[in-house]
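Chains as they are written, first to last, in my numbering: chain A, 1 to 623; chain B, 1 to 623.
Don't take every hint at face value.
Straight line, CA to CA, 25 Å or less: simulated PhoX-like cross-link-like pairs of lysine-lysine [unchecked claim]:
no.: 1; chain 1: A; residue 1: 464; chain 2: B; residue 2: 507
no.: 2; chain 1: A; residue 1: 193; chain 2: B; residue 2: 94
no.: 3; chain 1: A; residue 1: 134; chain 2: B; residue 2: 580
no.: 4; chain 1: B; residue 1: 580; chain 2: A; residue 2: 285
no.: 5; chain 1: B; residue 1: 193; chain 2: B; residue 2: 285
no.: 6; chain 1: A; residue 1: 116; chain 2: B; residue 2: 130
no.: 7; chain 1: B; residue 1: 580; chain 2: A; residue 2: 441
no.: 8; chain 1: B; residue 1: 193; chain 2: A; residue 2: 285
no.: 9; chain 1: B; residue 1: 591; chain 2: A; residue 2: 304
None of these hints come from the bench; they were simulated from the model.
Protein chains: 2
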Amino acid sequence: MSPKITTELLKQLRQVMKNPKYVQEPVQAYIVPSGDAHQSEYIAPCDCRRAFISGFDGSAGTAIVTEQHAAMWTDGRYFLQAAHQMDSNWTLMKMGLKDTPTQEDWLVSVLPEGSKVGVDPFIIPADQWKRMSKALRSAGHDLVPVKDNLIDPIWTDCPQRPCKPLITLDLSYTGVSWRDKIVALRSKMAERKVMWFVVTALDEVAWLFNLRGSDVEYNPVFFAYAVIGMNTIRLFIDGDRMMDPGVREHLQLDSTLEPEFKIQVMPYGSILSELQDVGAGLSPKERVWLSDKASYALTEAIPKAYRYLTPYTPICIAKAVKNAVETEGMRRAHIKDAVALCELFNWLEKEVPKGTVTEIIAADKAEEFRSQQKDFVELSFATISSTGPNGAIIHYKPVPETNRTLSVNEIYLLDSGAQYKDGTTDVTRTMHFGTPSAYEKECFTYVLKGHIAVSAAIFPNGTKGHLLDSFARSALWDCGLDYLHGTGHGVGSFLNVHEGPCGISYKTFADEPLEAGMIVSDEPGYYEDGSFGIRIENVVLVIPAETKYNFKNRGSLTFEPLTLVPIQTKMIDVNLLTEKECNWVNEYHQKCREVVGAELERQGRHEALRWLLRETEPLGRVQ
Amino acid sequence: MSPKITTELLKQLRQVMKNPKYVQEPVQAYIVPSGDAHQSEYIAPCDCRRAFISGFDGSAGTAIVTEQHAAMWTDGRYFLQAAHQMDSNWTLMKMGLKDTPTQEDWLVSVLPEGSKVGVDPFIIPADQWKRMSKALRSAGHDLVPVKDNLIDPIWTDCPQRPCKPLITLDLSYTGVSWRDKIVALRSKMAERKVMWFVVTALDEVAWLFNLRGSDVEYNPVFFAYAVIGMNTIRLFIDGDRMMDPGVREHLQLDSTLEPEFKIQVMPYGSILSELQDVGAGLSPKERVWLSDKASYALTEAIPKAYRYLTPYTPICIAKAVKNAVETEGMRRAHIKDAVALCELFNWLEKEVPKGTVTEIIAADKAEEFRSQQKDFVELSFATISSTGPNGAIIHYKPVPETNRTLSVNEIYLLDSGAQYKDGTTDVTRTMHFGTPSAYEKECFTYVLKGHIAVSAAIFPNGTKGHLLDSFARSALWDCGLDYLHGTGHGVGSFLNVHEGPCGISYKTFADEPLEAGMIVSDEPGYYEDGSFGIRIENVVLVIPAETKYNFKNRGSLTFEPLTLVPIQTKMIDVNLLTEKECNWVNEYHQKCREVVGAELERQGRHEALRWLLRETEPLGRVQ
C-alpha cells in the first residue's frame with residue numbers, strides 16, 4: 001500500500017474551514033469521525049469521509065484537522081495499516097498507549113486561545129459531544145456544530161447515498177408483524193411515560209418494520225429514520241422504494257387503517273425539521289425517547305427537559321430476544337451454512353496439498369458454496385481467510401498484497417458468515433491440512449477448553465454476559481496465555497452480525513442481562529504474532545437450563561450451539577481435556593452428524609457427507 | 001426489639017428545620033445520611049445521627065424528614081431490622097425492590113413546589129450531592145447545605161467525639177517511614193501536576209503518618225485530616241494527643257527538620273477554613289487533589305476549576321500494595337489468629353455437646369483466645385457467631401434476643417477477625433459438631449470448590465478482581481445455587497478490615513487491577529433461609545505466578561492464603577472434588593500443620609495441636 005497524498009485536500013479543507021459559505025464563523029479545528037448519521041458500525045461508501053480525507057480506511061478512527069496539524073486517532077488493530085495508508089501530513093495517535101493524548105487534550109495543547117472546533121452534528125453522538133464540549137469549554141474553546149459537512153464540498157467524486165430496493169419479510173420469517181411490534185413499543189413508551197420514540201439506528205428501523213435493504217454492505221439495512229408517536233408513525237426514507245407494490249402492501253400504505261397504524265412516509269432529509277416541530281409542540285411532561293448514542297443534531301432538536309435518553313432502546317432490547325420463528329430461522333440458516341462449510345473444508349483438504357489455494361481463493365470458494373444455499377442474500381462480513389502469520393492479525397482480510405497460499409505446514413483460520421433470509425451466521429474454524437505441532441495442538445486445546453467453558457456454562461437468569469468472559473480464558477491463563485479481544489457479541493436475525501445489548505466481554509459492563517432467546521457468539525482465541533492464529537467460534541442461543549436446585553426461584557440459563565460445523569479433532573490434544581470436555585466434543589459432533597448429515601444427504605452432497613462423518617468420529621480418550 | 005418512639009424527636013427536628021437560629025431559610029426536607037465527615041464505613045457513636053433520629057441502627061440507611069413524612073431507605077440486609085426498630089412515624093423504603101422510589105423521586109413526589117432540601121455538607125459526599133442536587137433542581141427544588149447539623153441541637157445526650165491516645169508504628173511494622181510516604185505521595189502529585197493533596201479518609205491519614213488510634217470501634221483510626229503541599233504538611237487533629245512524647249518523637253515535631261517535612265499541627269475543626277484559604281490563594285494551573293468521595297463541604301472549598309478528583313487517591317492505591325515488612329506482619333498475625341481458632345474449635349468440640357455454648361459465649365471465647373496472642377489490639381469487626389437458621393442471615397450479630405445455643409444438630413458459622421499490631425485478620429469457618437446431612441455436605445463442597453477456584457486461579461497481571469468473581473460461583477451455578485454477596489474485599493494492614501481499591505465482586509467495575517502485594521478476602525458462601533449458612537473465607541495475598549508461557553511478557557498472578565485454619569473435612573463430600581481440588585485441600589492442610597502446628601507447639605498448646613493434626617489429615621479420595 002502506498003499512502004494517499006493529502007496535501008492538496010488538506011489545503012482545500014482548511015480553506016473551507018474559513019469560508020463563510022460553509023461556516024458561520026471560521027473554525028480552527030475540524031473533527032472528522034468515522035461514523036454515519038445513524039452511528040452504524042459498517043458504513044456506506046458515501047459516508048467514508050475520514051478515509052477520503054486521510055487515506056486510512058480501517059473501521060475505526062477519528063481525524064482532526066487544524067490550521068497547522070492533521071492527526072488520526074485509532075486503536076491497536078490499525079496502527080500498522082494507518083501508518084501505511086497516511087502520508088506525512090498526518091500524525092498517528094495510537095490509542096491505548098500511555099503517552100497518547102486524548103483528542104480533547106491534544107486540541108487544548110495545539111489550539112490558540114478561544115478557538116472554535118467544528119464537527120458535523122449529525123455524525124457525532126450526543127454523549128460524545130457532551131464529553132468533548134465540556135472538556136473544550138473548560139479550556140476556553142468552543143465545540144460548534146457545522147451543519148454542512150465540510151468534507152463534502154472538497155469530495156468532488158463522492159459516491160451517491162445508496163437507495164436500493166427493499167425486501168419485505170412476512171410472518172414466516174419474523175414471527176411478529178410490524179403492527180404488533182408498534183403495539184409492544186407503545187406499551188414500553190407508556191410504561192416510561194414518553195409520548196414519542198425516535199428510531200435512529202438502521203437495524204432498529206429495519207427490524208421494526210420487518211423490512212430489509214442493501215444500502216450498506218454486509219448489513220441488510222436501508223437509510224431511514226422513524227418517529228413513533230402514541231397515535232402516529234412517521235417513516236423517513238428516500239427514493240421510489242415506497243412505490244414498490246410489495247412494499248406498499250407490506251406496510252399497508254393503501255389500506256384503510258386505524259389512524260394509529262397509518263404510516264406517513266416522509267423524505268429522509270426532513271427528519272431534523274420534523275423532529276424540531278415535534279420538540280416545539282410538546283406540552284409539559286411530554287417526553288421524547290432517544291438512544292443516548294443518537295446524533296447531537298437530532299438530540300438537540302428536542303429541548304433538554306423533554307428528552308428521555310437510554311443506552312439501549314426498547315427496540316434494541318426486544319430485537320435481541322429472538323422469538324420461536326426467528327430461532328427456527330437461525331437454526332435453518334446455520335444448517336445451510338454448515339453444509340457450505342463441509343463442502344469447503346472437504347474441497348480444501350483435497351486442494352491445499354496442490355499448493356494452488358490462496359487465502360482469497362479459499363474465501364471466494366466459501367462464498368460460492370454459501371451462495372448455493374436457499375435464501376442466501378450476501379456475506380455477513382468480510383471473510384477473514386488467513387493462514388500462518390496472517391492468522392495472528394485478528395481483523396485480517398486478505399488483499400492481493402498479503403495473499404498467502406494455504407499449505408500443509410501452516411494453520412488456517414477462517415472466520416466467515418452469511419446473511420440468509422432466515423438468519424445470520426458467523427463461524428470460525430481453525431484447521432491444519434498437514435500435521436500440527438504439539439505446541440499448536442496444545443494452544444488449540446486451551447482455546448477449545450475456553451470455548452466449551454462458556455458454551456456449557458450454567459448461570460442464573462439475569463446474569464450479564466461479561467460475568468462469563470473469564471470462563472473462556474481460564475485454561476489459557478493457567479499457562480500464562482490470553483487473547484486481546486472480547487469473547488462474544490450479539491448476533492442479529494437476518495440483520496447486523498454485531499448487535500447489542502448483550503455480549504460476553506471483559507470490556508463491557510453496560511450490557512443487558514442475558515435471557516432465553518438471545519443469541520451471541522462464543523469465540524475465544526489465541527494469537528502468536530508472526531506465527532499463527534487460533535479461534536473457535538460458534539453462534540449460541542441462550543436457553544433455560546435444568547438444574548438440581550433452583551435458588552430463590554430464579555431459574556438458570558445455558559447455551560445451545562446453533563453453529564454445527566466440526567471442530568478439527570486432529571488439532572485437539574485429548575490428554576488436556578477433562579472427561580466432561582471430551583463428552584461435550586463428542587456430543588457436539590454427534591449433533592453435527594445427525595442434523596447437518598441429514599441435510600447433506602438431502603442435498604445429495606455425498607462427498608461432503610463422508611468428510612463430515614470422518615471429522616466427527618468420537619474422540620478416544622487416552623488415560 | 002421494641003421500636004424507638006420518635007414522635008417528639010421528629011416534632012423537635014421539624015421546628016429546628018424552620019428555626020432561623022439554625023437555618024438561613026426554612027428547609028422543607030432534611031436528609032440524615034449514615035456517614036461521618038470522612039465517609040467511613042464504621043462510625044463513632046457521636047456520628048450515629050440517623051440511628052438517633054429513627055431508632056434504626058443498621059450499618060446502611062438514609063433518613064429523610066419532611067414536614068409531613070419521615071422515610072428510611074435501606075437495603076435487603078436490614079428490611080426486617082429496620083421494620084422492628086422504627087415506630088409508625090417512619091416509612092420503610094426497601095431499596096432494590098422495583099417499586100421503591102429513589103430518594104430524589106420520592107422528594108419530588110411529596111414536596112411542595114420550590115422546596116429547599118437541607119443536608120449537612122460535611123456528611124454528604126460530593127458525588128452524591130451532585131447527583132441529588134441535579135435531580136432536585138430539574139424538578140424545581142433546591143438542595144442546600146446546612147452548615148450546622150440539625151440533629152445535634154435535639155440530641156441532648158449526644159456522646160462526645162472520641163479523642164483516644166495514638167499508637168505509633170515504627171519501621172518494624174510499617175516498612176516505610178512517614179517521610180518516605182510523603183516523598184512518594186509528592187512524586188505522584190508532581191506526575192499529575194497537582195500542588196495540594198487533601199487526605200480525608202481516616203485510614204489514609206493513619207497510614208500516611210504510621211499512626212493508629214481507637215476513636216472508632218474495630219478500625220484503628222483517629223479523627224484527623226491532612227493537607228499535603230509540595231513543601232508543607234498540615235495535620236488537623238484535636239486533643240492533647242500531640243503532647244504525648246512518643247508521638248512528638250515519631251512525628252519529629254521538636255526536631256530541626258527540612259521545612260518540607262515539618263508537620264504543622266492544627267485543630268481538627270479548622271480544616272474547612274484552612275482549605276478555603278488554600279483555595280483562595282491558588283494561582284492558575286495549581287490544582288488540588290481530592291477523593292471524589294470527599295465531603296461536599298471540603299470539595300466546595302476548592303473552586304471548581306482547581307479541583308482534581310479521582311475515585312481512588314494515590315494513598316488508597318499505595319496502601320493496598322503491602323510491602324515485605326507489612327506482608328510478614330500479616331503472616332505473623334494470621335498464624336497467631338489460627339492458634340486462637342484452633343483453641344476455640346477444640347474447645348467448642350468438647351463443650352457444644354453439653355448444650356451450654358450459645359452464639360454469644362462462643363464469640364466471647366473466640367475473643368478471649370485471640371486476646372492471649374501477642375500484639376492483640378481489638379477485634380477487627382463484630383463477630384458473626386451464628387448457628388442453624390441464624391447462619392443464613394449474612395450480616396448476623398448475636399444479641400440476647402436472637403442468641404441460639406450451638407448443638408450437634410446444626411451447622412455453626414463463625415466469621416471473625418482481630419487487629420494485631422502486625423496485621424488484620426478476617427476468617428470464616430463453617431463447622432458441624434455432629435453429623436452433617438448429605439445435602440449440607442453437598443452445599444459446603446460447592447462453596448469450597450468456589451473458594452479453591454479463586455484461591456488457585458492464575459490470571460494476567462493487571463486483571464481486575466471483578467473478573468474472578470464468577471470462578472467462585474461456577475460450581476454453585478451448575479446446580480442452580482448462588483449467594484447474594486460479593487466474593488472478596490481488600491484488607492488493611494493493622495487497619496480497616498474493608499479497604500479499597502481492589503476486591504472480587506460482580507457488583508464493582510471501578511476496582512483497580514490486582515497486583516502483587518495486594519491482600520483480599522476470598523469468601524464464597526451459600527445460605528438457605530430458615531435453615532443454615534455456609535461461608536469459607538481466607539485472607540489471601542496476591543503473588544506472582546510461575547506459568548509455562550508468558551503472553552506479551554505480561555506476567556501472571558495468583559493467591560497465597562494467609563489464613564491458615566483447617567477447613568472441616570467432615571463437611572466435604574470428597575466425591576464432588578476434582579483431583580486438583582483434593583490436592584489443594586491436602587496441601588493447604590499440610591501448610592496449616594507445619595506453620596500453625598509449630599506455633600502451637602512453641603506456645604505449649606498441646607491439646608489444640610492434637611486437634612489441628614486430626615483436622616488436617618489428608619482427604620482420602622474415593623474413586
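Quiz prompt | Structure versus earlier hints - violations, ascending order | solution = Failing hints, ascending: 3, 4, 6, 8 and 9.
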